[in-house]
Structures are given as structure tokens and as C-alpha cells.
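J.: Residues per chain are reported as follows:
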Amino acid sequence: MNDRIKNLVLGLVVVIGMTCAAVLVRHLDTLRPPPDPNAFDENLYLDGKMARRVSLGFNGLAADWYWMRSLQYVGKKVLNSDHPVPLDDLSSLNLKLLAPLLDTATTLDPQFLDPYEYAAIVLPAVNVDDAIRLTKKGIEANPNAWRLYHHLGYIYWQQHDYEAASEIYGRGAQIEGAPPWMEAMKAKMTADGGSRSTAREIYTRMYEQSTDEKVREMVHVRLLQLDSLDQRDGLRKLFAAYEARTGKCPSSWKEVEPVFRALRIAVDASGAPLDPSGAPYVMRPGACEVDLDPESKIPKK
Amino acid sequence: MESTAAITQTTTRIESRQGKLWRIAAIARNAFREAVRDRVLYNLVLFVLILTGASIFIGELSGGQERKVIVDLGLSAMLLFGVFIAIFVGVGLVYKEIERRTIYAVFSKPVGRGEFLVGKYLGLCLTLLVNVLVMGVGVSLALLYVSRGWDPLIPTIWPAVLLIYLELMLLTAIALLFSSFSSPALSALLTFMVFVIGHFSADLKTLSVSLGSSSARTLFTGLYYLLPNLANYSFITPAAHGRAPSVGFVVATGLYALVYIIVILSGATLVFSRRNFK
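In order, the protein sequence lines correspond to chains A and B. For the first sequence, this note's numbering assigns the number 1 to the initial residue and increments by one for each residue that follows. For the second sequence, this note's numbering assigns the number 1 to the initial residue and increments by one for each residue that follows.
Hints in this document: simulated from the structure, not taken from any laboratory. Treat each hint with caution, since some may be false.
Calculated pairs, DSSO-like style, for lysine-lysine (alpha carbon to alpha carbon, straight line, at most 30 Å) [what the hints assert, rightly or not]: (1) A:Lys301 - A:Lys237; (2) A:Lys137 - A:Lys77; (3) B:Lys205 - A:Lys136; (4) A:Lys49 - B:Lys205; (5) B:Lys205 - A:Lys137; (6) A:Lys76 - A:Lys214.
Sample of chain B residues with no beta-carbon within 12 Å of chain A, all distances over it, derived [to be verified]: (7) Gln18; (8) Arg148; (9) Gly149; (10) Ile164; (11) Leu189; (12) Pro245; (13) Ala252.
Label-pair restraints from in silico Cβ distances [stated by the list, open to error]: (14) B:Gly212 - A:Val54: 24 to 32 Å; (15) A:Pro179 - B:Ile197: 45 to 53 Å; (16) A:Pro179 - B:Gly212: 49 to 57 Å; (17) B:Leu49 - A:Val25: 20 to 28 Å.
For glycine and all other residues, C-beta sits at the position ideal for the given N, C-alpha and C.
When you get a sec, could you build the whole thing from the sequences and use the hints?
T.: See below:
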């Protein structure tokens with residue numbers, strides 16, 4: 001009986017003690033000052049080469065660790081941001097550790113393609129030189145990965161360096177297994193690099209090739225933006241025709257609504273046509289100009 | 001008459017060889033049973049927990065790289081747990097027998113010291129084999145779970161598992177060598193150092209080439225060839241990318257391990273034979 005009581009008391013001490021410890025930890029969490037969003041990120045202690053050396057054959061696992069750290073690093077900054085930021089324009093988040101983290105991950109495991117692809121999409125807005133350096137590093141370590149050529153071409157295209165983009169697409173097209181559109185992209189970059197149709201082609205291919213949900217989401221928004229740009233051009237043409245006919249720009253959507261109805265274009269209750277995200281376009285009355293609604297999910301730039 | 005004597009001699013030799021093998025097998029069986037009794041295989045429970053957790057949660061953290069992470073994590077845990085078993089159980093194999101004085105009972109029977117060491121070594125190797133096989137099956141099942149069916153990485157992890165096992169066999173032999181002449185704590189430390197240096201072998205070679213002094217060059221070249229080249233057994237990262245080593249490479253590393261193990265066990269027997277238990 002004594003033993004049973006002793007065991008019961010000891011068991012209770014363990015349970016109550018652990019509960020108290022958990023309560024204390026929660027209390028300590030509330031006492032700890034919140035992290036300073038303006039604080040500088042501490043530099044990495046190890047560079048890639050050193051990390052590889054000390055990983056003792058666990059370099060693959062260490063690379064996974066750095067890769068997940070990169071995602072957490074960006075994710076945390078996005079969550080702490082007071083405004084929504086698109087994946088391809090994170091320049092406002094001060095991501096100075098992202099390039100070293102991805103560099104370390106790829107030095108630990110040079111055949112790990114995802115960090116290179118992530119660098120090609122996210123880094124150009126942060127530091128384009130780092131983005132180019134990392135993607136080139138990926139190509140050097142994986143010369144048969146044609147997707148990396150596509151990503152490097154995308155970076156050059158963003159920088160309006162259509163000649164370099166064309167050359168990279170040409171090199172990628174020669175790789176065994178590369179899709180035929182790589183060769184077509186080479187020609188498109190040379191002839192028509194800055195056009196909307198080239199942008200649509202690039203984003204469509206990225207959407208088809210990417211397995212990352214975040215990247216696909218970002219690319220989808222860019223494709224919607226291109227649709228919206230086309231729609232706004234169409235609306236401007238409509239306004240021009242209206243002006244030519246009546247001698248003035250329309251002052252409300254109601255004036256041009258019959259045209260939308262005839263063309264079976266979706267409109268809201270006020271007669272305003274809807275952009276690809278479902279928000280109504282905003283007319284600048286008397287200016288023959290159309291803008292995106294402030295609430296629209298279509299990027300402004 | 002002469003031929004009858006020769007036949008008798010050959011038969012005796014065969015019987016003695018069979019007896020030797022039987023004795024080694026008996027010691028190995030006991031060493032395996034002892035490891036199981038010491039709950040060495042309980043590490044498998046921890047391994048299964050790690051893999052289950054990784055399979056369920058890692059997808060969200062790794063940005064869709066769960067298959068690669070599972071292979072990296074599973075095989076790295078296999079190596080890490082194996083190294084701990086090889087070191088901490090390996091260094092106690094002989095020491096425990098001496099400490100409990102059971103070694104006197106063993107050597108009062110017709111058992112050679114070499115047979116004793118080889119038997120103990122094979123017993124621990126059998127424990128490690130069970131360990132890596134169960135873990136390999138665990139990684140394969142985790143891959144089946146995350147891929148919701150057959151995964152092409154499954155066949156490519158097994159050559160890496162074999163290389164991990166060879167590395168563990170090497171390390172066990174080294175632990176046994178150290179434990180044949182020093183205390184368990186020191187043996188564990190020395191074995192761990194060999195494990196670390198064994199993964200730095202490429203640096204030793206680079207160092208030997210880049211050094212100016214010829215004596216230093218000779219020293220580092222000597223160390224490069226003397227210490228086990230464990231970096232050759234690291235095939236975890238390529239396995240996670242679906243790349244398997246060539247048959248020639250596996251055979252060569254297997255031969256290297258065999259030669260090295262024979263050398264180490266011979267050395268251990270040499271030291272152990274001279275040891276006085278009085």
C-alpha cells in the first residue's frame with residue numbers, strides 16, 4: 001500500500017511538475033521582448049565549403065537543413081511584412097541572408113536543383129548578381145539541367161538583356177531532352193524580347209515546368225496581369241472609338257455597357273467590366289483611361 | 001600406408017577448421033543475443049518515430065522536397081545510429097567480458113583469442129546488419145507513403161545502405177582494435193576520431209600535395225593511405241537524387257573494407273594475444 005501511494009505521489013509530481021514547467025515557459029514567452037524587425041540579420045557562421053567539410057558525409061541532410069532554413073527565412077519575413085509581397089518582388093524585405101543560405105545549400109549538395117530555381121525566381125529583385133551567380137553555379141554543376149538555362153534566360157530577360165537571354169536559351173536548347181520551345185525562345189528573344197507575347201511565353205513555360213506551388217501561384221498572377229494589360233488596351237481602343245464617334249470620352253461605364261453586353265464581357269452591377277481577378281476596372285471619367293481597382297489582386301507593376 | 005596418414009591428417013585439419021568456424025559462430029551468436037538483450041535494437045523505435053514524423057510534417061517545411069529529405073534523413077540516421085552502436089557497443093565487447101571475469105570461463109575452453117575476437121566482431125556486425133536492414137525497409141516504406149505508391153528512389157537507396165553497412169563494419173573493427181588494449185572511454189574517443197578523420201581523407205591528400213616540406217608531405221601521404229578512407233562510403237546524397245553507384249565501385253569499396261577489416265582484426269588479435277588477464 002505504501003509503495004502504491006509512493007508511486008502515485010511520484011507520478012503526480014511528474015505530471016504536475018511538467019504542467020508547471022509548460023505554464024512557466026508560456027509566461028516567459030510573454031515576458032521576452034518581441035524581435036526587432038529592423039535588427040540586422042546575423043551573418044552565417046559557416047560558408048558552404050566549410051559546412052561541407054565538417055558535415056562528415058551528412059552533407060545531403062545539411063543541404064536540406066539550409067534549404068528549409070532559406071524557406072523559413074523568407075516565410076518569416078513575408079509574415080512579418082505589413083503589406084502583401086509577390087514572390088518575384090521581395091526587395092522590400094531585406095533578404096540579405098537568402099543568397100548565402102542558398103549558396104551554402106548548393107555547395108553542400110550541388111545536384112540539389114530546387115535552391116537554384118528558387119534563387120532564379122526570388123533573388124533577382126534582391127540582388128541580381130547573386131541570382132545570376134547562383135544559377136550559373138547550378139549550370140556548372142548540372143550541365144544537363146536545361147531548366148536552369150530557362151531560369152537564367154528569365155533573369156536576363158527581366159534585366160532586358162535579350163541578347164544574353166537568347167544566347168542562354170540557345171545553349172539550353174542544345175541539351176538532350178530539352179523541349180523544342182527552348183529553341184523558339186531563343187529566336188523570340190532576339191526578334192521580340194521586350195514584347196508581351198514573349199513575357200506570356202516565358203510565364204506559360206514556367207507555369208508548366210514548375211512543381212513549386214508558390215512559384216506557380218506567382219506565375220499565374222503574372223499571366224493574369226498580362227491578360228489584364230491586353231484587356232486594358234482593348235478598353236482604351238473602345239474609348240478611342242467612342243470619342244471618335246461622340247467627340248468626348250465616356251463619363252461612366254453605363255455609356256459603353258451595350259458594347260460589353262454584345263461582346264459577352266462580364267460586368268458588375270455598375271456596368272464596369274471585371275479584370276481577370278474578378279475586381280471591376282476603374283474608369284477615369286473624361287480621360288479615356290482605365291485603371292485597376294485598388295482592391296484588385298492584379299499587380300500594378 | 002603413407003596415403004592413409006595423409007588422409008587422417010587432412011580429415012583432422014578439416015575437423016579442426018570446422019570446429020574453429022563453429023566456435024566463432026557460437027561466440028557471434030552469443031554476442032548478437034547479448035546486444036539484443038542490452039536493448040541495442042531499441043534505437044529502431046526512435047528511428048521509426050523520426051521517419052514517421054518526417055513523412056508527415058516535412059512536406060510543408062521542405063517546399064515539396066519530402067522524398068529527398070526522407071532519403072537524406074533516413075540514411076543519415078542509419079549511419080549516425082550505426083556509428084553510435086559500432087562505437088559504444090564495439091568498445092565494450094571485450095572490456096565487459098574482462099570486467100565480469102567471464103573471459104576466464106571462455107578461455108578455459110578450447111577457444112583461441114583470435115576466434116574470440118572474430119566471433120565478437122561478427123556478432124556485432126550481425127546486430128548492425130539487422131539494424132540497417134530494418135531501417136532500409138523503414139525508409140522504403142516512408143517513400144511509399146509520401147509518393148502514395150511506388151517510388152523510383154527505393155531501388156537506388158539500397159546500394160547506399162550497403163555502403164553504410166560496410167562503413168559500419170570498418171568502424172566496428174577499429175573500435176574492437178582500440179578496445180583490445182585501452183579503456184572503453186579512450187577507445188570510444190579514438191574510434192570517433194578515426195571516423196572524423198576518415199571523412200577528411202580527401203583533405204589529407206590535398207594537404208600532402210600542397211605542403212612544401214617533403215617530410216610533412218610523406219607524413220600526410222602516409223596518413224592518407226593508413227587511415228580508412230570513409231568518404232568513399234558516403235553515397236547518401238547521390239542516392240537522394242536517384243543515382244546509384246556502379247557495380248565496380250561497390251565491389252572495389254567492398255574489397256577495400258574486407259582487406260582493411262582483415263588487417264585490423266589481425267592487429268587486434270596480435271595485441272589481444274599478448275594481453276595478460278591475471
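J.: Each of the hints needs a verdict: does it hold here or not?
T.: So, going through the hints one by one against the coordinates:
no. : hint                            : in the structure
1   : A:Lys301 - A:Lys237             : 21 Å, holds
2   : A:Lys137 - A:Lys77              : 26 Å, holds
3   : B:Lys205 - A:Lys136             : 29 Å, holds
4   : A:Lys49 - B:Lys205              : 17 Å, holds
5   : B:Lys205 - A:Lys137             : 26 Å, holds
6   : A:Lys76 - A:Lys214              : 15 Å, holds
7   : Gln18                           : 40 Å, holds
8   : Arg148                          : 15 Å, holds
9   : Gly149                          : 17 Å, holds
10  : Ile164                          : 9 Å, violated
11  : Leu189                          : 16 Å, holds
12  : Pro245                          : 14 Å, holds
13  : Ala252                          : 18 Å, holds
14  : B:Gly212 - A:Val54: 24 to 32 Å  : 26 Å, holds
15  : A:Pro179 - B:Ile197: 45 to 53 Å : 47 Å, holds
16  : A:Pro179 - B:Gly212: 49 to 57 Å : 53 Å, holds
17  : B:Leu49 - A:Val25: 20 to 28 Å   : 23 Å, holds
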